[in-house]
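Q: Reading the sequence shown from the start, the letters are residues -21 to -1, 1 to 101 in mature numbering (1 follows the signal peptide of the UniProt record, and there is no 0).
Simulated from the structure, these hints should not be mistaken for lab results.
Cβ coordinates follow ideal geometry from the N, Cα and C atoms, glycine included.
It cannot be assumed that every hint is accurate.
[As the list claims (entries may be wrong)] For each label pair, taking beta carbons as the anchor points, the in silico distance ranges come out as: (1) 19 <-> 64: 19 to 27 Å; (2) 9 <-> 63: 34 to 42 Å; (3) 9 <-> 65: 21 to 29 Å; (4) 99 <-> 23: 30 to 38 Å; (5) 97 <-> 19: 19 to 27 Å; (6) 34 <-> 77: 27 to 35 Å; (7) 61 <-> 11: 32 to 40 Å; (8) 9 <-> 64: 23 to 31 Å; (9) 97 <-> 30: 16 to 24 Å; (10) 21 <-> 99: 29 to 37 Å; (11) 65 <-> 19: 15 to 23 Å; (12) 28 <-> 80: 18 to 26 Å; (13) 32 <-> 61: 30 to 38 Å; (14) 39 <-> 96: 15 to 23 Å.
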Amino acid sequence: MRQLLVAAAVFAALVPTAAPAAARPAAVPPGQVYFWPEPGQMGAGGAWAYTPPGYREADSRVKRHAYSFDSHAAVSVYAISYQGGGSCLYREIRPDDYDNDWTAWATKFDGVSDTTMGCEQG
């Protein structure tokens, strides 16, 4: 019996243990939409969060620089872009929608709302 215990201890010492799992980014909480300043849900300062209802101006990290987003809002929300002369555009973001390379809107994004705010689809 003693030999079996010694053999088990030697075997355990020779077998490498699994490395701890790498830290995973926090999931987007239900009801929120996250916007990141870089593709792949990355960027200095982390995500900027929007929770409906209402309009919220984007944080300076993502304003005109939102290269990825992930929505877990229960309703559609609308990315808003102000165009000079009082006009604006919106882009619908549906529940569970995400884009890891949102280059089509990254440099247009000014804020987000739960309505189109009278803007034109863009």
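Q: A separate judgement is required for each hint: does it hold in the structure or not?
A: Hints versus structure:
1. 19 <-> 64: 19 to 27 Å: At 35 Å between Cβs, range violated.
2. 9 <-> 63: 34 to 42 Å: holds, 37 Å
3. 9 <-> 65: 21 to 29 Å: violated, 35 Å
4. 99 <-> 23: 30 to 38 Å: holds, 32 Å
5. 97 <-> 19: 19 to 27 Å: violated, 33 Å
6. 34 <-> 77: 27 to 35 Å: violated, 21 Å
7. 61 <-> 11: 32 to 40 Å: violated, 23 Å
8. 9 <-> 64: 23 to 31 Å: violated, 38 Å
9. 97 <-> 30: 16 to 24 Å: Given a distance of about 22 Å, which is inside 16 to 24 Å, the answer is holds.
10. 21 <-> 99: 29 to 37 Å: holds, 31 Å
11. 65 <-> 19: 15 to 23 Å: Given range 15 to 23 Å: violated, Cβ gap about 35 Å.
12. 28 <-> 80: 18 to 26 Å: Cβ of residue 28 to Cβ of residue 80: about 20 Å, so the range 18 to 26 Å holds.
13. 32 <-> 61: 30 to 38 Å: violated, 20 Å
14. 39 <-> 96: 15 to 23 Å: Because 21 Å falls inside the window, the suggested range holds.
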